[in-house]
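Residue numbers (our numbering), protein chains in the order written: chain A, 1 to 298; chain B, 1 to 298.
Just so you know, the hints here were simulated from the structure itself, not pulled from any lab data. Hints should not be assumed to be uniformly reliable.
No distinction is drawn between identical chains; accordingly, a pair holds when it is met within one copy or between any pair of copies.
To be verified - The calculated lysine to any residue pairs, modelled on SDA-like cross-linking and capped at a C-alpha distance of 25 Å, are:
id : residue 1 : residue 2
1  : Lys116    : Ala204
2  : Lys275    : Ser222
3  : Lys275    : Ala173
4  : Lys275    : Val31
5  : Lys78     : Lys116
6  : Lys116    : Asp137
7  : Lys78     : Cys273
8  : Lys116    : Arg59
9  : Lys275    : Ala206
10 : Lys78     : Val180
11 : Lys275    : Ser182
12 : Lys116    : Ala94
13 : Lys116    : Ser182
14 : Lys78     : Leu220
15 : Lys116    : Gly205
16 : Lys275    : Gly205
Keep in mind it's a predicted model, so treat the numbers as computed, not measured.
2 protein chains.
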Amino acid sequence: MSNTDWPDGFIAVDWGTTNRRAYRLGPDGAVIDTFEDELGVTSVPTGGFPEAVAAITVRLGDYPMLLAGMVGSNRGWKEVPYITCPAGTADLAAQLAWTEWGRTAIVPGLALVDEKTGDVMRGEEVQLVGLVALDPDTANATVCHPGTHTKWARMEGGRVAQFRTAMTGELFALLREHSVLSNLLQRPVEPDTSFLAGVEATYAGAQLTSELFSIRARVLLSLMDEDAAASYASGLLIGADMRSGMAIAGEDEVVVLGRPSLTRLYAAAVAHCGKPCREIDGAGAFVAGMRAIKEAIA
Amino acid sequence: MSNTDWPDGFIAVDWGTTNRRAYRLGPDGAVIDTFEDELGVTSVPTGGFPEAVAAITVRLGDYPMLLAGMVGSNRGWKEVPYITCPAGTADLAAQLAWTEWGRTAIVPGLALVDEKTGDVMRGEEVQLVGLVALDPDTANATVCHPGTHTKWARMEGGRVAQFRTAMTGELFALLREHSVLSNLLQRPVEPDTSFLAGVEATYAGAQLTSELFSIRARVLLSLMDEDAAASYASGLLIGADMRSGMAIAGEDEVVVLGRPSLTRLYAAAVAHCGKPCREIDGAGAFVAGMRAIKEAIA
Chain A
1 MSNTDWPDGF
11 IAVDWGTTNR
21 RAYRLGPDGA
31 VIDTFEDELG
41 VTSVPTGGFP
51 EAVAAITVRL
61 GDYPMLLAGM
71 VGSNRGWKEV
81 PYITCPAGTA
91 DLAAQLAWTE
101 WGRTAIVPGL
111 ALVDEKTGDV
121 MRGEEVQLVG
131 LVALDPDTAN
141 ATVCHPGTHT
151 KWARMEGGRV
161 AQFRTAMTGE
171 LFALLREHSV
181 LSNLLQRPVE
191 PDTSFLAGVE
201 ATYAGAQLTS
211 ELFSIRARVL
221 LSLMDEDAAA
231 SYASGLLIGA
241 DMRSGMAIAG
251 EDEVVVLGRP
261 SLTRLYAAAV
271 AHCGKPCREI
281 DGAGAFVAGM
291 RAIKEAIA
Chain B
1 MSNTDWPDGF
11 IAVDWGTTNR
21 RAYRLGPDGA
31 VIDTFEDELG
41 VTSVPTGGFP
51 EAVAAITVRL
61 GDYPMLLAGM
71 VGSNRGWKEV
81 PYITCPAGTA
91 DLAAQLAWTE
101 WGRTAIVPGL
111 ALVDEKTGDV
121 MRGEEVQLVG
131 LVALDPDTAN
141 ATVCHPGTHT
151 KWARMEGGRV
161 AQFRTAMTGE
171 LFALLREHSV
181 LSNLLQRPVE
191 PDTSFLAGVE
201 ATYAGAQLTS
211 ELFSIRARVL
221 LSLMDEDAAA
231 SYASGLLIGA
241 DMRSGMAIAG
251 EDEVVVLGRP
261 SLTRLYAAAV
271 AHCGKPCREI
281 DGAGAFVAGM
291 RAIKEAIA
C-alpha cells in the first residue's frame, strides 16, 4: 500500500483569502463532517500555518489533508507554482506540493498566458475539475465561477483550456463600502428588472464607469428609484463581466458554478442575454474535485 | 447703481467635496489674492456654513461672494436646483441662489436628461463657461474636465449642450487604497508607454474589470514589471473614460481643462487616440467663468 491510499479517508480544505471550509471525507469519498470559519489566509499570522492546520485536525480528526486556494499563494502557507493551462485533474495531482509525503499537500493554482494577457486562479480549479467528475457532459463547456474575482473558464477534453477573471465582486464591495454611491448600494441585490436593465446596458457595450456614476445622477434627478440602485449597479458590473466570459465561450450552455447566492444572479444575467445556462453548487464540485485529485495521485 | 455692481470687486469660491479655493477679484476682474484649504463641504459641520463663509472674508476681506460647486448640493450650505442643459453663462447668472441679495450667491449646477441617461455636475460648469469667455473659439468644442468624476462636455453656441461623467479618479483611488491591487498602485502615474498601452486596450473595447485584474496576474507571472502597474491601471481607466467622451465628441479638437497634473495624462491619452487636443488650466477658467457670470447678473 502506497503512502496515498488513505484507507481512512482524508480532509479537503478550500482555504481562501477571507475564509476557509474543511470537509472530512470517509473511505468511500462521502462527506462525514465539515466546518467553515473566517480563518482565511490573511487572518493567519506569519509562521502560523502549522498551528492553523493542526486546528483543523482537532475539529475533524487526524487524517491526511489536501488544501486548495490562497493557502498556496505568497500570502499563504507556501507558495506553490502555477500550472499553465491547459490543465486538468491529472496535472493537478502530479504537481501537488507535499509538505509531508503522503499526508499533507497543497493543490497548485492555474496560470493562463496567451498573446493578449495573463491570468491566474487558485482554488477554482478544484471546482472546475470536480464539475467534470460530477458531470462528464461538462468536459467541453463554458463555466462561470462568480465571486470576488469571477472566473470564466473554457473546458476542453475535461481540462481547463482557457480562462478570464473579472474583479466584479471586489469592485461592487469597494463601491458599496467606500464610494460616493455607498449609501445607494446598501440594499440586497435581487435578479429583478433593475438588475437586468443594468446587465443589458453594459453587456451591450455601455461604458461601465459612466453608467455607475449615472446611478447617483439618476437618483438625484428622480429618474431612478433609490431602492433600485443596488440591483442596477450589480447588473452593470455583471453585464460588463459577461463580455469577458462571452469572449471565450463556445456555442454550448454556460454552467454557473459557485455559491447559490451568487450563481442565481449570474444565471439570471446569462439567461437574459440569451445563452442556455444552469447552476451547480460549488461546494459539491469542490468535494468531487478533491476526490478526483486524490484518486489521480500516482 | 444696482445691488450687484460690486465696485470694489468680489470673492469667487470653488467649493468642492474635499477642498475649496477662494479668489478675491479686484474691480477690473484681476485676481488680487487667493487661498486654498481642505475645508471641503464634507469637513463643514451641520449648520457650520455661515461661519465657514465668514472665515473666507476674514482671509480675503469683506466683499460680495459667488460660490460654486458642492456647496450648492444637499451636502453643502443650501441645495440649489440644477439647471437643465443646454445652459450657459446667462442661465447660470439668472438662476443664482441668493442668500443675501446683492452680496452672496451660489451658482447652480447642471443636469442632463436624455433618452439614455441622466447626469449632473456642480462646479465644472463655471470652468466651462469661463473657457468660452477666455477663448471664443471654444464656443463649439468638446471639453474634458478630468477629476474624481471626470466630465466630458459638448459646448454648442457657448453653452453646455450635453455632458457625460465617468467616475475615473474615484475608482483609481478606491483601487489604490482598498483593493487587491493596492500595493501595485502606489507609484506615481506617468503618461509613459505603460500608460498608453492601458489607454489603447480599453479605448479599443477591452473589458475594464478583467484588464484591471490582469495587472495582478501579469505581475505574478512576470509578464509586467511591478513599476509599470500604476501607470497601466490609470491608462485602463482613462481609456475606458474616453469612450464616454468620444460618444458625445464632435470632429473638432478636445480641450482638456483642469489641474495640470491631470490634464497632462488626459491630453496624452487623447492625442494617442488620434484626436487633436490642448490643455487649459482650470483655475484661470474658473476665475473667468465667475467674472462672466457676475457680469451677466441682471
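Going down the list of hints, with the structure as the test:
1. Lys116 <-> Ala204: both (22 Å within a copy, 13 Å between copies)
2. Lys275 <-> Ser222: Neither, since 34 Å and 36 Å both go past 25 Å.
3. Lys275 <-> Ala173: neither (27 Å within a copy, 36 Å between copies)
4. Lys275 <-> Val31: Classified as neither; 34 Å inside a copy, 62 Å across copies.
5. Lys78 <-> Lys116: neither (29 Å within a copy, 51 Å between copies)
6. Lys116 <-> Asp137: Cα proximity of lysine 116 and aspartate 137: none, with 29 Å in one copy and 42 Å across.
7. Lys78 <-> Cys273: Neither way: lysine 78 and cysteine 273 sit 41 Å apart in one copy and 44 Å across, limit 25 Å.
8. Lys116 <-> Arg59: neither (45 Å within a copy, 56 Å between copies)
9. Lys275 <-> Ala206: For lysine 275 and alanine 206, the Cα distance is within 25 Å both inside one copy (20 Å) and across copies (21 Å).
10. Lys78 <-> Val180: Between copies only: 19 Å across, 39 Å inside.
11. Lys275 <-> Ser182: neither (32 Å within a copy, 35 Å between copies)
12. Lys116 <-> Ala94: neither (28 Å within a copy, 54 Å between copies)
13. Lys116 <-> Ser182: between (34 Å within a copy, 23 Å between copies)
14. Lys78 <-> Leu220: Between copies only: 15 Å across chains, 50 Å inside a chain, cut-off 25 Å.
15. Lys116 <-> Gly205: Cα proximity of lysine 116 and glycine 205: in one copy and across copies (20 Å, 13 Å).
16. Lys275 <-> Gly205: both (17 Å within a copy, 22 Å between copies)
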